[in-house]
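> Respectively, the protein sequence lines represent chains A and B.
For the first sequence, our numbering begins at 1 and goes up steadily by one.
For the second sequence, our numbering begins at 1 and goes up steadily by one.
Treat the hints as calculated values from the structure; they're not laboratory data.
A few of these clues could be false.
[To be verified] Pulled a few chain B residues facing chain A out of the computed Cβ check, cut under 7 Å:
(1) 4
(2) 13
(3) 14
(4) 15
(5) 19
(6) 23
(7) 35
(8) 47
(9) 48
(10) 100
(11) 101
(12) 108
[Said to hold, decoys possible] List of simulated lysine to any residue pairs, SDA-like, C-alpha gap at most 20 Å:
(13) A:217 / B:100
(14) A:189 / B:103
(15) B:109 / A:138
(16) B:100 / A:204
(17) B:100 / B:84
Owing to the predicted nature of the structure, the values given are computational and were not obtained by experimental measurement.
We treat Cβ as the ideally placed atom computed from N, Cα and C, and that holds for glycine.
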Amino acid sequence: MQTTISLEIQRYRPEQESEPVYQSYEVPLRKDWVILDALNYIKDNLDGSLSYRWSCRMGVCGSCGMMANGTPVLTCATFLETYAPGPIRVEPLINFPVIRDLIIDMSEFITKLKQMKPWIVREEEQPLSDGEYLQTPDQLTEYKQYSMCINCMLCYAACPIVGLEPGFLGPAAIALAQRYNFDNRDQGKKQRTEILKEDNGIYECTFVGECSIVCPKSVDPAGAIQRYKVAAAAEWWKSLLLPWGNR
Amino acid sequence: MTINTQYTKFRPQRYQTRVPIFWWVHKWAHLRFITRELTSVFVAIYAFVLLFQLWALNQGAETYALFLAWLRTPISIGLHMVALLFVIFHSITWFNLAPKALVLRLGTKRVPDAVLIVLNYLAWGVLSVVIAWIMLKA
Ligand code: FES
Numbered sequence: 001m002q003t004t005i006s007l008e009i010q011r012y013r014p015e016q017e018s019e020p021v022y023q024s025y026e027v028p029l030r031k032d033w034v035i036l037d038a039l040n041y042i043k044d045n046l047d048g049s050l051s052y053r054w055s056c057r058m059g060v061c062g063s064c065g066m067m068a069n070g071t072p073v074l075t076c077a078t079f080l081e082t083y084a085p086g087p088i089r090v091e092p093l094i095n096f097p098v099i100r101d102l103i104i105d106m107s108e109f110i111t112k113l114k115q116m117k118p119w120i121v122r123e124e125e126q127p128l129s130d131g132e133y134l135q136t137p138d139q140l141t142e143y144k145q146y147s148m149c150i151n152c153m154l155c156y157a158a159c160p161i162v163g164l165e166p167g168f169l170g171p172a173a174i175a176l177a178q179r180y181n182f183d184n185r186d187q188g189k190k191q192r193t194e195i196l197k198e199d200n201g202i203y204e205c206t207f208v209g210e211c212s213i214v215c216p217k218s219v220d221p222a223g224a225i226q227r228y229k230v231a232a233a234a235e236w237w238k239s240l241l242l243p244w245g246n247r
Numbered sequence: 001m002t003i004n005t006q007y008t009k010f011r012p013q014r015y016q017t018r019v020p021i022f023w024w025v026h027k028w029a030h031l032r033f034i035t036r037e038l039t040s041v042f043v044a045i046y047a048f049v050l051l052f053q054l055w056a057l058n059q060g061a062e063t064y065a066l067f068l069a070w071l072r073t074p075i076s077i078g079l080h081m082v083a084l085l086f087v088i089f090h091s092i093t094w095f096n097l098a099p100k101a102l103v104l105r106l107g108t109k110r111v112p113d114a115v116l117i118v119l120n121y122l123a124w125g126v127l128s129v130v131i132a133w134i135m136l137k138a
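The shape of chain A in the complex, shown without the other chains (with noise of 0.2 Å):
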């Protein structure tokens, strides 16, 4: 019966070291550990240097994101056991720059989120009187499953495009933008597409497919850009094909 496995992390020291290298770990397997309470136990009983960010525990704040064995997962949602006999690689989110061991730099995440406007654009307010926009079930339904992201940014790692236009705006922000495009209160799709249109936005991506699969909140941000790939196709059709009308 096997009672520990290995862990080897990725360390990276910026004071210490200029490249990153690796550092084994024995830790207790048990069957009802995850990568992150492995983590957890290195740095209470191991080396309380190792640095890595996480909060919930339970697969909703989406800062536990590492690679394991070259795939991106939340690791508090990812059991040892499935990594038997091992070891597990576990590695800080690829296509991001290091600050730390396990701990990428998001701010360019944040900013491409940003540029989406992700709240709900209103050519005009209606007045307080008039009381909510008011939605009905099925209208929800509409954007639901685009509104499950959790920002965890797995889908960033797992897509290649990424890596090799680190401008991409990326999965999880175009996924977000057609949350709002979806949402029936919501009139700032024009805006939208106008950055998504250009250089860094939908035509970027081949559909390679694989944000969609590593999803652990199955959003399909894949699906939400061929989406509107094919709506901005439809557009310029109707604008070529029925020039005098409402543009």
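Place chain B with the ligand on chain A using the hints.
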């Protein structure tokens, strides 16, 4: 403990990796993706063959006979076999992906993915039969 001489306390170095040229060979999903992209080359080649055929037809009977003779050469048959394989791979992968791009609704219900895929294959089959029928009748 080693010391990194490049280190500056308040602006620490970020470590950034680069994507290697052969990033797509390590994972089956990536390899499949690149293959799918490559198949479009064969789709394009085949389109050129067709255009060339039209051109030959336009040039008169003699040129067209030459073209038909070329079609029967082993090189041409080989090319057609390879192109056929790649075009089939291309079609199948795209048909299977179609529901991602196409979200159809009947009333309030979303048409299931499987139905969309099957409809694509049906359309493919029907068109192929119609074309074969026209060709064989001629
Ligand atoms: S710790 Fe919050 S998602 Fe894993």
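> Evaluate each hint against the coordinates.
Status of the hints after comparison with the structure:
no. : hint          : in the structure
1   : 4             : holds (5 Å)
2   : 13            : holds (5 Å)
3   : 14            : holds (4 Å)
4   : 15            : holds (4 Å)
5   : 19            : holds (4 Å)
6   : 23            : holds (6 Å)
7   : 35            : violated (12 Å)
8   : 47            : violated (20 Å)
9   : 48            : violated (23 Å)
10  : 100           : holds (4 Å)
11  : 101           : holds (4 Å)
12  : 108           : holds (5 Å)
13  : A:217 / B:100 : holds (16 Å)
14  : A:189 / B:103 : holds (18 Å)
15  : B:109 / A:138 : holds (9 Å)
16  : B:100 / A:204 : holds (17 Å)
17  : B:100 / B:84  : violated (25 Å)
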